[in-house]
Amino acid sequence: MAERSFRKEVEKLRMGAGEEFAGEGILAITKALLESGVAYVGGYQGSPISHLMDVLSDAQDILDDLGVHFEASANEAAAAAMAAASVNYPLRGAVTFKSTVGTNVASDALANLSSGGVTGGVVFIVGEDYGEGSSIMQERTHAFAMKSQIWLLDPRPNVPSIVKAVEHAFELSEASNTPVFLQMRIRSCHVHGSFVARDNLRPSPSLRDAMENPVRDVNRIVLPPVSFQHEHEKVNERWPAAVEFIKTNRLNEVFEGTRDKVGIVVQGGLYNTLLRTLERLGLADIYGGTKIPIYVLNVAYPLVDDEVVTFCSEKDAVLLVEEGQPNYIEQNINSILRKSDCRTVFVGKDVFPLAGEYTAQVLRTGVVSFLREHDTNFVAPENPMHQVAEFVSEIDGLVPPRPPGLCTGCPERPVFASLKMLQKEMGDFHVSADIGCHLFSILPPFNIGNTTMGYGLGAAGASAFNTESNRPAISIMGDGGFWHNGLTSGIGNAVFNKSDALTIVVDNNYAAATGGQDVLSSKGATKNRSTQHPIEKAAQGIGVNWTKTVRTYDIGEMRKALREAVTKKGTGPKLLVAQSECMLNKQRREKPQFAKKVISGKRVVQERFGVDEDTCTGDHACIRLSGCPSLTVKPNPDPLKRQPVSYVDNSCVGCGNCGEVAHEAVLCPSFYKTRLIFNPNVLDRVVWLIRQKIIGWLQNSAEKKRLRAA
Amino acid sequence: MDHQDRPISIAMVALGGQGGGVLTGWLVETAEKNGYIAQSTYVAGVAQRTGSTVYCVEMFPRKEADKTGKVPVFTPYPIPGDVDLVIAGEMAETSRAIEKGFVTPNVSTLIASSHRVYSMPEKEALGDGIMDMSKVSEVASRAARKYVCFDMQEAADETGSIISSVIFGAIAASGALPFGRTDFEQTIRNGGKAVDSNLRGFSAGYERALSAPIAEDTGAPVEAVTEGPNGQALADRIKSELPVELHKTVLHGALRTLDYQHADYAHQYIDRIVQLTSTDHIKYGFVLSEEVARQLALQMCYEDIIRVADLKTRANRFNSIRAQVNSEGEQPVGVVEYFHPRLEEVCDILPASVGAKILSSDLLKRLISPFFSKGRNITTTKVFGFLILYLLAKWRRFRPMSYRFREQNKFIETWLDRVTNAAVKDYDYGVAVARCIEIVKGYGETYERGLSRYLAMIDVETGAKNSDEVRQLYRAALADEKGEAFEAAFASLGIDA
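Here the protein sequences come in this chain order: L and D.
Residue numbers for the first sequence follow my numbering, so the first one is 778 and each next one is one higher.
Residue numbers for the second sequence follow my numbering, so the first one is 14 and each next one is one higher.
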C-alpha cells in the first residue's frame, strides 16, 4: 500500500472526449498514456515520479479494462528492458523512473534498445530529480539522450503542454524508430492544472495479438555485424526523420516579440519561470505575450539546425537559458551558428551560474545582465532583493538548516541508536550506506555512514574491505535496495568472494523512501502482486549461513546481534534483518481505525512517552540517540535551571524507542510511558478505582507530611 | 488590489509532514470554485520527510482570462518581490521565507505561526542550543505589508485540529485572498474528512488572526511561594540577612533545599550564601552571589534515587500527566517509569561507609554490578510499583548519612572555596567559576562526563586561569559528547586536558 492513495483521482482516467480533466501533472500523464493507446507500462518508483507509479497501481482496474499491462518492475533496468516488446511489434509502451539515477541503472537496456530501434512508440517518462527537493547527485538526463541517441522532450510545464508532449512523443518515436525521453522536472510532476480529455484508446494490436504472432527480425538484434549497421542507421535515417518530424509538427515554439534585435532560447521546462521573469521586468504579459522573441525548445535533443539559425539570424544577440551542466545545448548551438556563419552574439552561461538550479531569482539576474548589454532600450526595474536585503541581513544566522530526517516513530531510528551505542562501546566502524530513508543516519544526531554508492549497493560499497580485521566494515541496505539489486550485487557477491562482513538490511515492509510501495518482502497480501517472501530466506538461498531477524525497537537484542555479528569470524557474510513496519504507513492505516474504535465504544489503549521535566538534566543525550521529531526541547520551567528540558510533544506515537534507549544507554530516569485506556471495561474501572484509592491515600499522607515540614 | 494583469501569488514555507499539501489543495479548490484558474506546485518524496519545503500557488480570475481567450502562465517558483501571500508554518521557517526574498513591503501579507519546531542542532546541544527567534517577528512585521502572527500550533491543539486548518482560517481573516469566509469553509466541507475538527481549527485561526497581538507573551518569571512556617522562617531570614537583589533566587533555592531534605538543610544553604555575600558587593550587582545561590541550590539538591522516587510519586505529577495525555474524567491512565540505576547510583544512597567500601572494591563491584545491569520498568499506577518508589522516597531521612551526601558536601565546599579565591583575584573570574559547575548534573554518564570536565576546568594547577579561559572551556565542554572540542580548547590554552 503506497503512502498516498489515488483511488479517488484515478476515476478521472475514465473521462471521455470533451470533458475537462483537472489534476496533477502525474495524473494527466497517465490519462495521456491511455489516450495514446499504450499496450504496456512499467517502471520503478522514485521521486519525483513515484506518484506516477502509485497512480498506475491504483488504476489497475481501468488498465485491465483497456487491456493495458502494468508492471511495477524490479528495478529500472528491468523496466527499460520491458520496452523490448516494441522492437518487433507496433505496440506502444511507456516506462517511468527517476533520473538520472534510474537512467543509470536502465542504461544497459536503453543503449541496446536505441541501437536496434523500435517499431512501436516507446516513451520513457523520466523524473528529472534536479534542484530544490532533489535527493540525488546533480546530473542531466541530456547526456544519456546524446550518448544513446534517445530524443529528449522537455515540454513547457503546464498540464496541456505536458499532455500534448506525451502524444507527440509516441508519434516522434514511431516516425524515427527511436525511443523518446519525456523529461518531467520536480515541480512539473506536481503541477496542478487542467486540459480537455480525449477518449482512451485500446491498444491495437494487443499484447496477446503480438505474442501469438511472433515476428523476428535479426536486423533489430544487437550483435555484429548488424550492430555496426545500427550506428549508421541512427545518424543517416533515424536522426533526419526525427528532425523532419519535429519541424513539420512544430514541436518547438517561437513566440514573436517587438524588440526583435534580441531573443531568448529556452528549454521548455524553464519557459514559465522565464516568462514570468520577463513579465516582472515589464517585457511580457501574464498570457505569454512577450516583447522579446522567445524560441522554446520543447525538444531539447536533437536541435533543429534550421530553426536555430532562423531564430538567431537578423538578431544582434541571443540568450540561451539552459539549466545544468555541462552546457550541451550551448555547445551545440555555438557549433550550429559557427557552421552557418551566423554572426549573432550568442550568450549562454556567461550571464548565469555554471551550475545549480535556475530559480526565478537566478533567471532575473541573468536576463537583466544580458539585456543591459544588448538591448539599449532596456531599463531594469528595481531588484526586489534590494528591498529585502536589509531584512535578510538582520536575520542573518537565524535560519537553521533543516534537512529531511526520519519521521516520528520511525523503526529505523532504533537501528542507528543501537549502532551508535555499539560504536561508543567498540569504537567507530566504517559504514557503507545505501539509498533510502536510512541514509538520513549520516546526519545528526547519528552521524553514521561513510559513503553511498547507489541504490542497493550498500554491501557492494564495502566489498573492498574484505580483509582480516577486528573491526569489520558494516553495510546497510534497505529492503527496497535489497530486492532492486542488493541481493546479487551485495549479498551474493559477498558469499562468492568469501567475505566475513555484516550487512544490515532495514526491512520496513515497503520501499518506504519512495512512498511506501510494496516490495517482494512486504508483509501485507495484495491482490495484484505476490508478496511475503522473506529477505532472510532469500539470503539463505544464496548461501548466507549467519542470518538473524531482529525487531528494530528491541534495542537490547539489536545490540547483542550487532556485537555478535562484528566479532564472530569465519562464518561467511552475515545478514541482520532489522524488521519493523514503516511508521508512516502504519499510522496511515491504524490512525483512522483507532479513531473509529474510540467512537464506536471499543476498548483501545493509546501509548505515548513523556519526560519528567523535574528530573530531566537538560543534557539531551536522549535526543542524540533519537532525533525523533516528537522528542524535542522546551525552555526549562525551573527558575534555577537554564538549560532547556527534553519534551515529548503530542505527535508521539509511542513507538518505544525512547524507553529502550533510556535503558540501554543508561540515560536519566525521566522517561515514562503512559497507557491511556479508551472505553475501559468494568474490570479496568474497578482495578483503576482500587488503585486510585490506595495510591491516593498514600499520596495524601505524604503530602500532609510534606506540608507540615514546609 | 487590481489583479487584472497579474495573478495572486502564494508561497508557503513549511515543514514536511505539517500538512502543507492539504492546505495547498484547499487553496486551489477555493480558487477554482470561486471563479479562478489556479496552479499549485510542490516538491514531494523524501524531501518531504520532516525537512523544510516550499509550496507555490498562483490564481487568476477566469473571467479576465476568458475576455482575452488566452490562458495565464503561472510560475512554478515563487518570484521574490511578487508574492502576495506568504505562509510560514513555524518561526524559523518565517526567517527562511524572509531570507528567500518572498516577503516584501507593500506586497506581501505574511501569515506566520509563532511556535517553534526546533532544528536538530538546537535540540541535540549538550546545553542550551535554542536560537533566539524573538528578532524574527520584529523584522517580519516591518518586512511585510501585513503581518499576522500567533501560535497556530497551540490553536490547533486546543481545538483538536491540525495546523493547516488554523492557517486556512488565518488566511481567510487576513483578507489577502478575494474570497469570503463561507467560501473557505465550504472547501473544508467539500473535503469530507474530519470536517468538524477542521472547521473548529479554521474558526480559531480566523478569530485569532483578527485579534492577534503581534508581540509574543514571554511569560512572567516564576515567583517562589512559601507553603508553611518553615518556609516562612526561611523567607524572613533571607529578607533580614541578604540584600534585596538576591531575595528571589535565594528563596527559590532555600525552598528547594527545604523540599529536598529539611529545614536545617535549607538554613545551611542560606548560611553559605550569607557567608559568600561578605566577599560580594552591590557595585557588582551581587551577580556572583546570585550565580552561587542558583548553582548551590542545584548542587545541594543533587538528583539521587530518593529524589527521583519522591518527585515521581507526588500527586501533582500524576495530575499533570493526566492533563498532558488529555484523559477525560475517570479514564484510566497507566504510567510506566523507565529506570536504570547502576551500582554507582545505588551506592550513593547507602550509608557512607558501605557505599565507599563497595565502590573501592573491584571484587564487590564485580559481584554486585550484574544485579543492576538491566533497566527496570516500574508501573507507578499499580500499587506494587508505586510502593517501591514510595518507600524509596521515604529513605530520605537517611540521606544525610549516605555516601553521596558526604561526598557531595565535600565537593560543594571545594567549589565554594574555588569561587571565593577566584573572586578575590578577579570578580568576573569568580562568577565564571561559580557558573561552570552547571555542567555537573544528572545521572550516570551525563554526570560523569560533566564532573570530569568540570574538575579539569577548575584544577588549580592545570585548569583555567581567568574568566575568559573558564568561559571558553565551559562552552567547549558543552560542544560535543566525545570531548573533541573540549580537548581542542584545552590545547589552544596551552594546557593538557
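Derived from the structure by calculation, the hints contain no laboratory data.
Please note that the accuracy of each hint is not assured.
Partner residues aside, some chain L positions facing chain D, computed with beta carbon under 7 Å [as the list claims (entries may be wrong)]:
1) 963
2) 1010
3) 1011
4) 1053
5) 1146
6) 1150
7) 1162
8) 1219
9) 1222
10) 1446
11) 1448
12) 1482
13) 1484
Glycine is no exception: its CB is placed at the ideal position from the N, C-alpha and C atoms.
> If you check each hint against the structure, which ones fail?
Replying inline: Of the numbered hints, 2, 3, 5, 6, 8, 12 do not hold.
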